[in-house]
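A.B. asks: Sequence:
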Amino acid sequence: MGTVVLGTGSCLPSRVLSNVDLEQIVDTSDEWIRTRTGIENRRIGGPGEKTYQIAARAASEALSMAGVTAADISLLIVGTISSHMLMPSCACFVQQEIGADNAFAYDVNAACSGFLYGLDIADKHIRADRQAKVLVIGAEALSSRLNWQDRNTCILFGDGAGAAVLGHVEDERRRILGTNHRSDGRLWQLLYMHQSPSTNPDLLVPDNPGVHIIMEGREVFKHAVKAMEDAVDGVLRATGMSIWDIDLLIPHQANIRILKKLMERLDIPEEKVILNVMHYGNTSAASIPIALDETNRAGLLQPGKTVLFCSFGGGFTWGATLLRW
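With our numbering, the residue at position 87 of the sequence shown is 134, and numbering never jumps.
Hints are computed from structural coordinates only; laboratory data are not their basis. Please read these numbers as outputs of a predicted model, since none were measured by experiment. Treat the hints loosely; a few may be bogus.
[Stated by the list, open to error] Derived lysine-lysine pairs resembling DSS-like cross-links, with alpha carbons at most 30 Å apart:
no. : residue 1 : residue 2
1   : 97        : 308
2   : 308       : 273
3   : 269       : 319
4   : 352       : 319
5   : 307       : 352
6   : 308       : 352
7   : 319       : 307
8   : 352       : 171
9   : 269       : 308
10  : 352       : 273
11  : 273       : 307
12  : 171       : 273
13  : 269       : 307
14  : 319       : 273
15  : 319       : 308
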């Protein structure tokens with residue numbers, strides 16, 4: 048008896064920004080980006096497209112797959128760092144957009160770990176109320192938070208949203224088996240975004256340096272690999288499992304160098320790892336739920352499979368979640 052994923056959904060803006068396109072914007076090249084990040088394309092929201100709008104579309108897909116109505120949702124969580132307003136929350140805008148009138152809604156600000164933090168909260172909520180249906184979303188419109196003159200950051204990020212509906216089932220084999228989440232605020236200056244969100248209507252002209260993502264890439268790389276490795280080791284120890292018991296690993300899609308090093312440190316074969324960073328770049332809190340939805344719709348998540356998630360983001364925040372599908 049436990050918490051399971053009843054349905055998944057995702058939404059990716061239609062505009063594709065390729066590495067070749069970026070060559071016209073900033074001093075970079077397709078070869079330079081590919082060799083350092085593995086990224087080939089990323090999605091960019093259209094003019095006026097808000098985070099909550101792509102979040103709502105992902106949510107609607109997840110609700111449809113789950114066979115659950117928006118009115119059935121009792122808790123709605125959005126992991127995001129790029130809502131178009133500080134107040135109300137992105138979650139409240141999503142609630143209005145999809146008609147989840149019976150839910151209480153709030154955002155989780157944990158950067159790339161936002162979706163996994165949301166899963167942990169959802170699991171505890173459902174353990175307390177087995178009738179509850181929880182909608183967890185990771186959604187970002189990071190293109191409006193980038194300095195398009197800084198080739199070290201603007202090449203990395205993209206826009207998108209992913210969602211999952213969670214609920215309770217009586218099958219004791221299917222459940223969230225364990226979680227292991229941490230944070231360390233002492234290292235915030237290695238990855239941060241100052242001030243409040245901006246409207247920034249023109250992607251190519253930064254309107255205020257304070258709202259852009261600032262990152263010390265080499266330091267982030269070092270901490271990200273170690274933190275995710277430790278988080279995975281912790282959740283495996285707590286559940287009495289080993290990496291060889293894992294059927295699929297769905298990690299945060301940061302960049303290919305981090306992912307390759309993580310696979311090496313975990314000693315997990317690449318065929319067990321879901322990778323889509325080449326298509327969408329780093330979508331922060333949206334990356335894991337987008338990858339989850341694509342994996343689910345591809346038919347790769349049969350009942351009984353063990354699925355491991357891990358993430359690392361600004362804060363620093365990091366963690367791992369293990370479930371049996």
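A.B. asks: Under the constraints set out in the numbered hints, which ones does this structure not fulfil?
C.D. replies: 1
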